[in-house]
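Colleague: Residues per chain are reported as follows:
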Amino acid sequence: MKWYVVKRVGWTVVASYLTLSAMFVLLVMSPNPGMMQATMSCAAVGEDPDQCRENFKEQHGLDQPVTERYVNYMVNMVTLNWGWSHSRTQYVMAAIGEAWPYSAQYGIPTLILSTLIGYGIGIYSAYKQYSLADYGGAFVSFVGISIPNFWFALVLILLLSVWLNLFPVYYESLIPVEQGWLSMANLEQLVLPTIVLTSSSLAFQMRYTRSQMLEQMNKEFVKVAKAKGASDYQMLIWHVLRMAAVPLATSFVGVLIGVLWTGGIIIEQIFSIPGIGLMTYQAIIQQDTPLVLATVLIPTFIAILGNLFEDLAQIWLDPRIDYGNR
Amino acid sequence: MAADKPDFDAIDATFDTIDWDTKDVSAGTATRRDMVEIAAFVALLGALVYDYAILRNEGPLVLNWDVLSVEWMFIATLMLLFFHVVIPLQQRPRMRKFYWRRFKKNKVAVASLVYLIAIFTVGVFGPALMSPPEVHFVNRLKPPLFVTAEVNGQMMAGTMAHPLGTSQEGRDVLKLIVYGMRVSMQVGLISMAFAIILGSTVGTLAAFATSIDAGMVDEVLMRYVDLQSVFPVFMLLLLLTYLFGSQLWMIVALYGFFGWEGIARTVRGEALQRAEEEYVMAAQSAGANTAYVLRRHLIPNSANSIITLATILIPSFILGEASLAFLGFSDPDTFSWGRTIAAGQGYLAEGWWVSLFPGIFLFFTVLAFNFIGEAAQDAIDPRRSGEKGGGL
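If you're matching them up, the sequences are chains A and B in order.
Residue numbering for the first sequence follows the working numbering, beginning at 34 and increasing consecutively.
Residue numbering for the second sequence follows the working numbering, beginning at 10 and increasing consecutively.
So here's chain B without its partners, still in its complex pose (with noise of 0.2 angstroms):
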């Protein structure tokens, strides 16, 4: 790459102007972002309570939309997200420019970066604006459009009024799946943010343990790291579900829980690094205390390798929810894929179309993600500069 095309346009090869009124500077006190990251966190908390202690969780909370208990985190994540990532690269514009030029060399990537997005609008505003799927005799196993398939000893085609047809209990399947997007997005997103937090969590505070010689500590943490990627997480969330009940934010927290060993390795190898550095020692020197340095420092300076392991951590908690919902250990409220490609299997011959359909969404979306972690480890890691887009 950087044989054939440089990176730096020369045109583009400016500073960014900074505005310093807007930047603080100096240690120990707060940004104005990080203000109002906190105002918008303390809303959501009264929100909260104003919701669970107040309306008792009854009722709707704002207009007609009842937020239940997996929606709070799915505000928090996204809202961790608009301020860690959103906010970030539209203050760095010329970062920005860098990363999307090595980005959208992958055109595959691209597209997938296309296709999630609108996944994820569709999930997040179509369950609002579209009625539940609801069960409706009638209409049991409709074909979708252009196909006709004998139902009950009846030959019938597909409507446009359930353009993906209908399942057993007549519940369109169209809208199985735009409700079902929502289940997956925020899987993916909630776990990965609580996977991310632990885990860099985790792996900052080994590595800063060993680097103020407090070895032992590092050596508890990593021995647990190690204890715990051994065990198989899928047949220890068949169990927790089992005994403690299924429901949809518990799933998703026990991914999160269950899935940071993989972010604390690298993070702790990453920050044992920056911990030698002179700029941890010149912040020491000049008073920063042990939190401001895991937070000012270490953590950011690891974030390229946090997001690329975040990246391909969300395909697999996607898969793992689904796998889940598919052998029936789902929140029986929610529409998760797997639970629609279940109900689907016992009538796969005459109503193949209620498996086929969510399916395809789930196999799309989970490689999409994939490709776009191929995509961002490449546009990220400097070390991949030379190659041309990891194998595609």
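Only chain A is shown next, with the shape it has when bound in the complex (with noise of 0.2 angstroms):
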């Protein structure tokens, strides 16, 4: 098992490695935006576009070898020396710094609603199956994972702030500065980006929390708890539960990243939130290159981490699992 450990961290190495190594080829590879606009500034103003070019070039390092761009490069990303963000004036990772927070708290309401609320509802309707609650709970999530979240966003917002003029339609980033996160004109604020995003994200959870505890609720091991007296409670959180929860723990990282990452990029946008999420739209639109690249190469971090620790998890919740010779 030590030996497993082991290779599942050298493989996360390897993954992150790799992940970056392809972040440069694309770099590389890709058309310079900045080079391009200064080029055509230049020839704007009667230079030389090719003297420009060089100048651009040597400015931002882009005269020396491939070889040693791609060490910089990596010492720079190891170092998280991630550059400077010109659309910002500041650092990126001083850019994410004070990003993060905005987008933390809606993200982290929703997951824990949706968590909760997901595998609730998913235990039960597996447990009640066939029953008019489960037929209701299938019909929501095929609801929740099919509502286009920018749509049911827009749709909230017509209805509610428009129409009933209950809750704000924009954030007002000023509002958790001047009164504080918690004040309650913050929290309004915050009802309906985490409404939307709750909708997909419990709408996936649910699905897949039925579907495993379906699976497991068949087996043999299920069937020995009853004999042996059991309680329904028991054995639904006890025994099949805990099975269910290995494969569960595998979706979980996939729909942080699937459902509330990209789910943020367009909600921020809509809301405009100052978060993680509108400074990758804003970033991509004007064309700043290491804020795209970060915001990119966060949320993969994120998902290899993320899946190395859901392995090792597997390893506490189901020791029958034989890692002797992977």
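Hints are computed from structural coordinates only; laboratory data are not their basis.
All the pointers check out, no bait thrown in.
Below, computed lysine-lysine pairings styled on DSS-like, alpha-carbon distance capped at 25 angstroms:
hint: 1; chain 1: A; residue 1: K161; chain 2: A; residue 2: K252
hint: 2; chain 1: B; residue 1: K114; chain 2: A; residue 2: K161
hint: 3; chain 1: A; residue 1: K161; chain 2: A; residue 2: K256
hint: 4; chain 1: A; residue 1: K259; chain 2: A; residue 2: K161
hint: 5; chain 1: A; residue 1: K261; chain 2: A; residue 2: K161
hint: 6; chain 1: A; residue 1: K161; chain 2: B; residue 2: K116
Dock the two chains into a complex; use the hints.
Modeller: In structure tokens, the structure reads:
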């Protein structure tokens, strides 16, 4: 088992290295919008565009050989020196440090709510399979998976903010600074983003929990537990859920990244919340390459690390898995 | 199901009559259907070369239809669907009846199928019969039928000329929706075709490599799949469309290229089991080469799980493209639903219909694909036969 853990950690390092290298290749291959812009503005004022291109390359270290740039890039990435964001005139790391609390204030409640409610309904509908509640749950999860986040957000804004005037239409980023993060005004403007994101992430968790629970419920050990007189609660929580938690854990990071991170870009753009998502969106629009790079790499690393922790958690959750020969 | 209603009605329980003249049973040569398929694709390729080399893609190819990049892919995808789904179903009436009987138990899925066929038909033929939604500043923000709204300080009622109203630029919302149907169908189906081809090839190759003791190939392929499944595809697409431009064919191809890892994993698992079967050994000892075994035995026998996964992938591709379009990273020449919804966001209070109606169509399209995916899973997967239709 120790060998398995070592191998797993080793793969995490290799995967991170490959990801960073792939991004480098992408950057080298891609046209550089900054350089094109510099050349064009030179040509506009009548200077020699070739000279400008050389100047730009020199300025950004692009005149060095590719191998040297690759080494520099890797060293910078590993030492967390992720570069300067020209659109925000600050270091990339500082920009991320400034933005993440805005994302966390709706992301964390979404994660907690959707996991608790999703697992709860999922377990209940597996327990009462083919009951009215089960069909209701299935319907809700289908709607949640299928409804486009951005459209749902607009419909909620139209209904609750524009017509009924219950919630603010846009997020005021000054409110948490002036009145505190936990002030009523701040919480009020977080309600809609949280509802929208919870709806889709909840649906994924619900559907997956139900199918995993059902799969485990037909196993022999459940019959044994029943025969030995376990109550429904004991059977569900101690026997079935523990086993179902193994595959469920594997889906968790996927949900986190797939729903929260990409959903976050859309939600923050709609409500203009100045978090990581809006930062990503603006970085791309303003062609701020170091910032774009960071916003692609961070979720990738979260996913790689998350997968590592999931695999390690499985050792603890399901002692039956034999890791000896892997 | 097996208990209360048997699947095989006594009357239907006859074997298919097989016309052996149409079947080519010898190994190594192509069947008549393969020949027709190859001829059709050669013709398509010829038309493509003709359009780009001789007409230089200027001016219409057939009548007044100027076939553009993504539409070539769409035609190729429809041809693939025709030769590998419609024809096999048509040739095997017993299989068709069997699956249809299981599928139609799910009433919601049948309704979804009808809805999707309607969307597909209107999406494919509508734009040919209808002029594109053009900018008409005179018609700015006309409300839909039966709605009176105040626009620019004037009370206006909806008219038959624009039954779903018009946008800020005066584009007819109904036309925008019809043109968006084609975009959604193109995205869903073409990306699916890409993903299936890549995923099933990699999956069977990996499995076959294991079975002939070339485990290294399997290891490398599956490690790559692991890596790709970790990568946040949506972020990557944002990045790539930003770097290389955002034409629809590119978005479609990228979704296909980064969406196949699930198919590869499942097909590998299935094919690993199949590769051990006697019929593979029999084929090999009769002199079949690797490619033949892959194409004739491993891929067709994994078809069930491929179809199931494909129906789950289509809605995610459609939603993904709509989200990209909503954020403004879409082809400016196409009328994606996501783009129309984004356009309506700016004047939600005055012209709510611009965002609302395309969104309803998008929502129901994705929902319908999801329902069908669930029903197809029930119909195809024999292990699920005991359930009454997967929750709905």
